[in-house]
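Chemist: Now for the letters of each chain:
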Amino acid sequence: MTNSWTDIKNTDLVVIMGGNAAEAHPCGFKWVTEAKANRGAKLIVIDPRFTRSASVSDVYAPIRQGTDIAFLLGLINYCIQNDKVQRDYVKAFTNAGYVVKEGFTYQDGLFSGYDEAKRDYDKSTWDYDIGADGFAVVDDTLQNPRCVWNLLKNHVSVYTPEMVERICGTPKDRYLKVAEMIAECSSPEKAMTSMYALGWTQHSKGSQNIRAMAMLQLILGNIGIRGGGMNALRGHSNIQGLTDVGLMSNLLPGYLTLPTQKEPDLAAYMSTRGFKPLRPNQMSYWQNYRKFFVSFQKSMWGSAATPENDFAYDYLPKLDLPGYDVLRAFDMMHQGKINGYLCQGFNPLQSFPNRQKITASLSKLKFLVVMDPLATETARFWENHGEYNDVDPATIQTEVIELPSTCFAEDDGSLTNSGRWLQWHWAGGTPPGEARRDTWIMAQIHLRLKELYRQEGGAFPDPILNLEWPYADPGDPKAEEIAQEINGRALARVTDTADPTKVLAEAGKLLPGFAALRDDGSTSCGCWIYSGCFNENGNNMARRDTADPDETGAYSKWAFSWPANRRILYNRASANLAGKAWDPTRKVIEWDGAKWSGYDVPDIAPTAKPDQVGPFIMNPEGVSRLFVRGMMRDGPFPAHYEPFESPIANPVAPNVRGNPAARVFEGDLAQFAEAASPEFPYAATSYRLTEHFHFWTKHVIVNAVMQPEFFVEISEQLAAEKGITKGGWVRVWSKRGSITGKAMVTKRIRPLTCDGKTVHIVGIPLHWGFTGAAKKGFGPNMLTPYVGDANIETPEYKAFLVNIEPAPGPVA
Amino acid sequence: MAAYDVGPSEKVHPGKPVVVDRYTVGARINHWITAASLILLALSGLALFHPSLFFLSGLFGGGQFTRFIHPWIGVLLFFSFFGLFLRFWKANLWKREDGTWLARFRDVLANHEENVPEVGKYNAGQKFVFWAMSILIIVLISSGLVIWEQYFSAYTTLGQQRVALLVHAVAAVAIIGVWIIHFYSAIWVRGTIPAMIRGSVTGGWAWRHHRKWLRELVTMRSKEGSGSKPAE
Amino acid sequence: MFPPIPNPSTTDVAPRFSEKDLIRRSASTVPAPEQQLTEVAKLIDVSKCIGCKACQTACIEWNDTHEEVGVFAGVFENPPDLTPDMFTLMRFSEWENPETNELEWLIRKDGCMHCADPGCLKACPAPGAIVQYSNGIVDFVHENCIGCGYCIKGCPFNIPRISRVDNTAYKCTLCSDRIAVGQGPACAKACPTQAIVFGTKDEMKQHAEGRITDLKSRGYANAGLYDPPGVGGTHVMYVLHHADQPELYSGLPREPRISPLVEAWKGITKYAGLTVLGVAAGVGVLHHLIMGPNRVTEDDEEHAEELTEGDGHGRV
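Read top to bottom, the protein sequences are chains A, B and C.
Quick note: to get my numbering, add 470 to the position in the first sequence (first position is 1).
Quick note: to get my numbering, add 1472 to the position in the second sequence (first position is 1).
Quick note: to get my numbering, add 28 to the position in the third sequence (first position is 1).
Any given hint could turn out to be false.
[Unchecked claim] Computed list of chain C residues with no C-beta within reach of chain A, every gap over 12 Å:
{"no.": "1", "residue": "P43"}
{"no.": "2", "residue": "D73"}
{"no.": "3", "residue": "W123"}
{"no.": "4", "residue": "H170"}
{"no.": "5", "residue": "G261"}
{"no.": "6", "residue": "A271"}
{"no.": "7", "residue": "G295"}
{"no.": "8", "residue": "G312"}
[As the list claims (entries may be wrong)] Pairs of lysine-lysine residues, derived as BS3-like cross-links and limited to a Cα-Cα distance of at most 30 Å, are as follows:
{"no.": "9", "chain 1": "A", "residue 1": "K1192", "chain 2": "A", "residue 2": "K1246"}
{"no.": "10", "chain 1": "C", "residue 1": "K298", "chain 2": "A", "residue 2": "K1027"}
{"no.": "11", "chain 1": "A", "residue 1": "K647", "chain 2": "C", "residue 2": "K233"}
{"no.": "12", "chain 1": "A", "residue 1": "K1217", "chain 2": "A", "residue 2": "K1205"}
{"no.": "13", "chain 1": "A", "residue 1": "K1217", "chain 2": "C", "residue 2": "K233"}
{"no.": "14", "chain 1": "C", "residue 1": "K233", "chain 2": "A", "residue 2": "K512"}
Hints were generated in silico from the structure; no laboratory data involved.
Every residue gets a Cβ at the ideal spot worked out from N, C-alpha and C, and that includes glycine.
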């Protein structure tokens, strides 16, 4: 989230698209009801199904899954055509006026530089014209035909209301009603918030779905302001924390990136991460990258990380591929290239697409270690559970070791919520049986490995042997110790760079925040963006002060919000070029002639003059990007691509199948149904239900009571066509698998007309498996295709093709 | 040809006094099971009927057991009474003299039976009790099943159950009323109770109250007597 | 935001109401309480409800009931109906508004309404099994319950359910045990959107006014409060978008009242019945006193003897 849950109460218009906040985030949804009840805010829900969110909406618009970009670019087109643009904001705070290099084109669904064989782009043309001064060429008048604004205008012009209706199946009048309401928020006095979740991410163009809305929000001037923002509703209580601390194969904590094989030393590594400003006077915060990186290395390897050894740069693994995401990892497992797997707090048998492939992959392992509080399906993948897990245990030789761990209520620690708040929690109960904290388990494994390396050596034992392990009880690190390590410490006295007499932190003390980080090895910090969470003031994550001056929704003394306890990112953009709030009733921070101050921690240097330094300091431009240069694999603008399995061919680019830059593994392509396949005529999607959390709560009797059994949701029309009755059994199958379940026949799903064709939607909730208190059932990953988002490889769970028929029930 | 209301086991034994067999052992057991059931039902039912009588549930070991046992006794009563019904329905069919008897009911009440016509095994009053009981028991068992929460609540609507409750209550009041008539008559008309205890009445009782029945029995006896010997 | 009820005190507190505050007690009478407690109410704003079932979950947890894991029956209601272990239930109804052609998914939390004139209490034959406090809470006292199910028939909303385990009736208690120590009902505590709020009945009516104004501004011209006068008003009230058609909400009764059948049964029948029986018995006694027994005379016996001796041919 750019903003926070509590800030949603400040909005005038909530757009829930690519998510179902009421269903999947009922507690956070309270802020929507607050905005509605107290501000008269309106709620728009755009979803293939009439969801629980839709049930309390003012306007509901149906949409075919996987067509969000067409809808959103259509909205941008509508706003541009109808002059519903917050012009001053766009001119000042976006790259609308930046001139793009000659050679950049978009034609027939492809941007310039496409290599079909590699399914990848040469992105060299996706950049600005750089002037002789080394800065980007900008046309503030937006007249240059090659400026971003004019390219965008041209790019979105195809997405007329008629085209949106043709692609998305959204009736034109309904679409225009939505467009009109959204366009109203181009006024500085009106704010719109976007609430989205896995309905946008779980597509082969998930990142671009989000970008499209971000662009719309920028055009409406809604980023950085109270009640606005791009608000990702994270799917787990701490999934924000997971990404923040870099639990991805290509990341280090705080969104630093892992080196690649092409970067043999620190200098090479830093050469591409300096992010020199693209505008005069601009602050480019990533210029501090080295401080963050070196401090991270110091937290990892302590005294073994020295200036002489590039701060132990060699200890870091170097990527030979863009990343080892879960799809690649399981594909490698499938090929026999990975043969041991430590599975911690994860249930891939249920979570990853094409379950047959997952089962086959796990069956090829030599060993599988599962650390989990629950009896997961993954740990039992080798058990035969009839049709629900139809395997032959005798043929599976994988050794499975289960290490029972504690659940969140049984240990101390922090969870980072969607709004970037690090909230400390305390153990509420003692763990049952032999369950141990994950930290204990990891420490024990580490200490044993370390001992083995010490005794036996090995190819390169140094990273393990020298790993900093400063805990009072090495076998059982405490949550506070780890939190302090993440916050960072001064290893030597740290003074203010501007005023060396001012001491920021004495040696050995906790750092006040990331501004105190140094790149000379005098500071250590496990995750720079979290710095400040546990400093000499104490555990700031444990703060529980509900004070909220003027009820702005900031709640600055509640917990700790990264970065630097900032509640609204880019909050400098809430004020105009004179430093005054666009809307005085929504003041966040303002310039008083000498410095920025207000309700929130300014997201800019406190003394940065408003007319000189752009608000988007994480970008070297200082402005936000409507055109994203070469930073996305699949294009600097979003473009409509059909899902890999689609009921119609792409109306704007009929020859392009799926997202042309999405990675597809050999062998998986053959398992995709073709567009408009007569064999698989129905558009399926998957989703959560409010009664459950993933595959966890089916282990809880009360939740199992609330939603006991797997079902498949279809429209009354499809039910009538197929002779399916309410509560009757059906079989649903895709090119990859087949499942059975009972049918929910509902008015809440209606067939759509897309490209002149009736498209029926089949909804498949995801909460059932073969362990737990609920009835045994199937999950959508029996059916879904093995392909992910082009940028971050989130699997395409939300749009695929199936067939359906009535089925006899299971034999009693 | 036997009279419609004379059972095969009913016999007249001459003597001083004359003894007339009125009820067999089976009939008596059947009657007393029915009687006991009805009384228990009345007591338990009244306990649930009116708060001032809830104390009666104490006789059954408390409200829960009262609630549990009442419908089961009802089932017993139903089957038990069904036995009586099979035994007595013929004798309770309406006869011409019953009308006259009823018309002179004032004399019956005034103990002036000499003014009423001779009647068979049952007079119109008894027949009324018999048929009232029969009908009310059918009404009670059927309405009772509808409100038998534990087993049958799922088969009817709440509306039907509410009707059943009211019907059951009214029918119960009625049947207790009928029972009061029955019970009082047995006390009032002395010599009646032995019929259901020993199974027999005196000839005088039969003469006084069911003279037609007595005559039939006597006639039958003589016929049997003549029929048993070859004609001379 | 409706001010949340503060967390409970960690020290013992004296209950705010007790037996002294009863205004009705089933099948018995109670002395008028010395003081009238402020009436409380739970307000369920259907327009804010997202059907998440947190209320159901909280209800099970707080009351420590043991509802069984059922099956999917083609609908969102789980369990499919109220049970002795499920005192409250989200009911879902898909309705196409003929005026707007819009689909509306009307979700209503069903449960005891805590009527001012409770039909359950009226129907209950067991003294003290159902009680009503002067603050409006209607509560079941299980040690006095006999499990007859009359409360179900008495209830205009079809709420109580009889447990097959202990054969007593169960329903929402309005968390009387929580309210007695200054807390709100568990469902209200758990409700993420404050669709359920709890306070005094006056506060709730006032809060409802604001919600109704908001709904009217959104085009729900018939938005209103459901506080049906037929049962004397209720201590669980609904804000409905379509207050003119409450039956749209999974059959919420339009004009609920205690069934006339139940009124007749528990009214005239009860009194008339006993009177009839008393009179019948009295008439018997009186008759016996006045007319005396009807005895068989010596004459009668002689006639009988003559008859039998005459082998049936004798005429007397």
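Chemist: Next, verify each hint and record whether it holds.
Modeler: Status of the hints after comparison with the structure:
1. For P43/C, the requirement that its beta carbon stay farther than 12 Å from each beta carbon of chain A is met, with the minimum near 27 Å.
2. The beta carbon of D73/C is not kept farther than 12 Å from every beta carbon of chain A, the shortest such distance being approximately 9 Å.
3. With a closest Cβ-Cβ approach of about 9 Å to chain A, W123/C is found to fall inside the 12 Å limit, against its non-interface label.
4. A cut-off of 12 Å between C-beta atoms confirms that H170/C is not in contact with chain A; the least separation is 22 Å.
5. Every CB of chain A is more than 12 Å from the CB of G261/C (nearest about 24 Å), matching its label as outside the interface.
6. Under the 12 Å C-beta cut-off, the non-interface status given to A271/C relative to chain A holds; the minimum distance is some 17 Å.
7. Every CB of chain A lies more than 12 Å from the CB of G295/C, the least distance being 40 Å, so the non-interface label holds.
8. The non-interface label for G312/C is consistent with chain A: the shortest C-beta to C-beta separation is roughly 58 Å, beyond 12 Å.
9. Simply put, K1192/A and K1246/A have alpha-carbon atoms about 25 Å apart, close enough for the 30 Å limit, and the pair holds.
10. With a CA separation close to 66 Å, the supplied pair K298/C and K1027/A exceeds the 30 Å bound.
11. Between K647/A and K233/C, the direct Cα distance comes to roughly 34 Å. Violation of the 30 Å bound is thereby established for this hinted pair.
12. Among the hinted pairs, K1217/A with K1205/A is consistent with the structure: their alpha-carbon atoms are about 28 Å apart, no more than 30 Å.
13. About 34 Å separates the Cα atoms of K1217/A and K233/C, which puts this hinted pair outside 30 Å; it is violated.
14. With a C-alpha separation of about 24 Å, the suggested pairing of K233/C with K512/A holds against the 30 Å cut-off.
Checked against the numbered hints given earlier, this structure breaks hints 2, 3, 10, 11, 13; the rest are met.
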